[in-house]
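So the protein lines, in turn, are chains A and B. Using UniProt numbering, you'd call the opening residue of the first sequence number 1 and step up by one each time. Using UniProt numbering, you'd call the opening residue of the second sequence number 1 and step up by one each time.
Treat the hints as calculated values from the structure; they're not laboratory data. From a predicted model like this one, the values you see are computed outputs, not experimental measurements. A couple of the hints might just be wrong.
One side of the interface only, derived from the structure: several residues of chain A facing chain B at Cβ under 8 Å [stated by the list, open to error]:
id, residue
1, F126
2, G175
3, V205
Where is the CB? At the ideal position from N, CA and C, for every residue including glycine.
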Amino acid sequence: MQRPGSALRWAAAAGRWGCRLLVLLLLVPRPGGASEITFELPDNAKQCFYEDIAQGTKCTLEFQVITGGHYDVDCRLEDPDGKVLYKEMKKQYDSFTFTASKNGTYKFCFSNEFSTFTHKTVYFDFQVGEDPPLFPSENRVSALTQMESACVSIHEALKSVIDYQTHFRLREAQGRSRAEDLNTRVAYWSVGEALILLVVSIGQVFLLKSFFSDKRTTTTRVGS
Amino acid sequence: MAVELGVRVVRPRPGTELGVVMRSLLLLLWLGTRGSALYFHIGETEKKCFIEEIPDETMVIGNYRTQLYDKQREEYQPATPGLGMFVEVKDPEDKVILARQYGSEGRFTFTSHTPGEHQICLHSNSTKFSLFAGGMLRVHLDIQVGEHANDYAEIAAKDKLSELQLRVRQLVEQVEQIQKEQNYQRWREERFRQTSESTNQRVLWWSILQTLILVAIGVWQMRHLKSFFEAKKLV
Numbered sequence: 001m002q003r004p005g006s007a008l009r010w011a012a013a014a015g016r017w018g019c020r021l022l023v024l025l026l027l028v029p030r031p032g033g034a035s036e037i038t039f040e041l042p043d044n045a046k047q048c049f050y051e052d053i054a055q056g057t058k059c060t061l062e063f064q065v066i067t068g069g070h071y072d073v074d075c076r077l078e079d080p081d082g083k084v085l086y087k088e089m090k091k092q093y094d095s096f097t098f099t100a101s102k103n104g105t106y107k108f109c110f111s112n113e114f115s116t117f118t119h120k121t122v123y124f125d126f127q128v129g130e131d132p133p134l135f136p137s138e139n140r141v142s143a144l145t146q147m148e149s150a151c152v153s154i155h156e157a158l159k160s161v162i163d164y165q166t167h168f169r170l171r172e173a174q175g176r177s178r179a180e181d182l183n184t185r186v187a188y189w190s191v192g193e194a195l196i197l198l199v200v201s202i203g204q205v206f207l208l209k210s211f212f213s214d215k216r217t218t219t220t221r222v223g224s
Numbered sequence: 001m002a003v004e005l006g007v008r009v010v011r012p013r014p015g016t017e018l019g020v021v022m023r024s025l026l027l028l029l030w031l032g033t034r035g036s037a038l039y040f041h042i043g044e045t046e047k048k049c050f051i052e053e054i055p056d057e058t059m060v061i062g063n064y065r066t067q068l069y070d071k072q073r074e075e076y077q078p079a080t081p082g083l084g085m086f087v088e089v090k091d092p093e094d095k096v097i098l099a100r101q102y103g104s105e106g107r108f109t110f111t112s113h114t115p116g117e118h119q120i121c122l123h124s125n126s127t128k129f130s131l132f133a134g135g136m137l138r139v140h141l142d143i144q145v146g147e148h149a150n151d152y153a154e155i156a157a158k159d160k161l162s163e164l165q166l167r168v169r170q171l172v173e174q175v176e177q178i179q180k181e182q183n184y185q186r187w188r189e190e191r192f193r194q195t196s197e198s199t200n201q202r203v204l205w206w207s208i209l210q211t212l213i214l215v216a217i218g219v220w221q222m223r224h225l226k227s228f229f230e231a232k233k234l235v
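Chain A extracted, bound-state conformation (with noise of 0.2 Å):
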């Protein structure tokens, strides 16, 4: 493949080491990230966020909603051209992994139109490809010592305890809400009984009454 002459020589090499370069970087897991937002979504209201994303990303939408109603809500990824990848009405929580097989801006939107007047709290936790490594040289040819792989391993797993915990306060928040809703609603219904029973039983009285003062018909005594 070497052509006489130094500047072939050159140009066919600087060819051959572009090449490589491109094929390294598409290879290469670009740093991508995680965005993780909680947010509110009033009634009727729908909310989309966007993200560029290289193709060959692989991503992962995770939500869950905490507050409001009965804790669901709709939502719907579509990828640069308008494809729906995902769509689920009326979730209460899903993970969804896809590899991007485009360039471009991906949208999703969480949407409450369903509802009149509760607005939910909606949390989502969006990854795009991997997370970004601790150095600049982490894609270094030599190996990693057995110390630095053994503490990379221990990262791996405590990202993944912090992972659960978040899953964990976020399902208690949801059964700390249902409970604090439980708790309004028997206060209420407790006042709202003991007016609705005491004007009932007065009223009938009163009623019964009326029924005699007017005419002198003789009723069986109608007991309540």
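Fit chain B to the given chain A structure using the hints.
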């Protein structure tokens, strides 16, 4: 997410001039990926709020970047410097702990002193309604909490840590974050338990009270009607 995809990923072979080419390619790649945070659209007077439920003594760093729709070029351009965003952070007791205006690109930091739900609200400070021209403002937002907020490159440089030491430092930070979260979890679980026990008490007392009310009402009704009918000489 301090992306430090630097210029030394692939060492250039001695003797080639490809070092420069590789560096520029990698620089382009770095620039391309740097600005690719999550973004959303915000209206002129709209206020968007985000909630972060965090334990105490946790640092939160938020980065945002705005872009305005340019109708002539029909694309989003970096927003004018005059257009800023007003950032307001409230702690779980609804006390404002940060209320500042930043430019079209900004970075805000706060540390929580009480555990709980902190609310971060953003809205634009534009007063001229024509500025948005009926379009929306695109806001790139990135919020990092706790251990993710640490800039390890800076820590390594400041404390002169070797690679292994830096990794161990990262592990220590992660474990501390887990510890804080678990502590917070205990406090939250106690609150949950108190709410449940209060509901239980209320239901119990209400049942007893309701039975007593019913019995009392029934007795009163009978006696009242009996005296009424006796007066009416129907009995």
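Consistency of the hints with the structure:
1. F126: holds (6 Å)
2. G175: holds (7 Å)
3. V205: holds (5 Å)
Hint violations for this structure: none, all hints satisfied.
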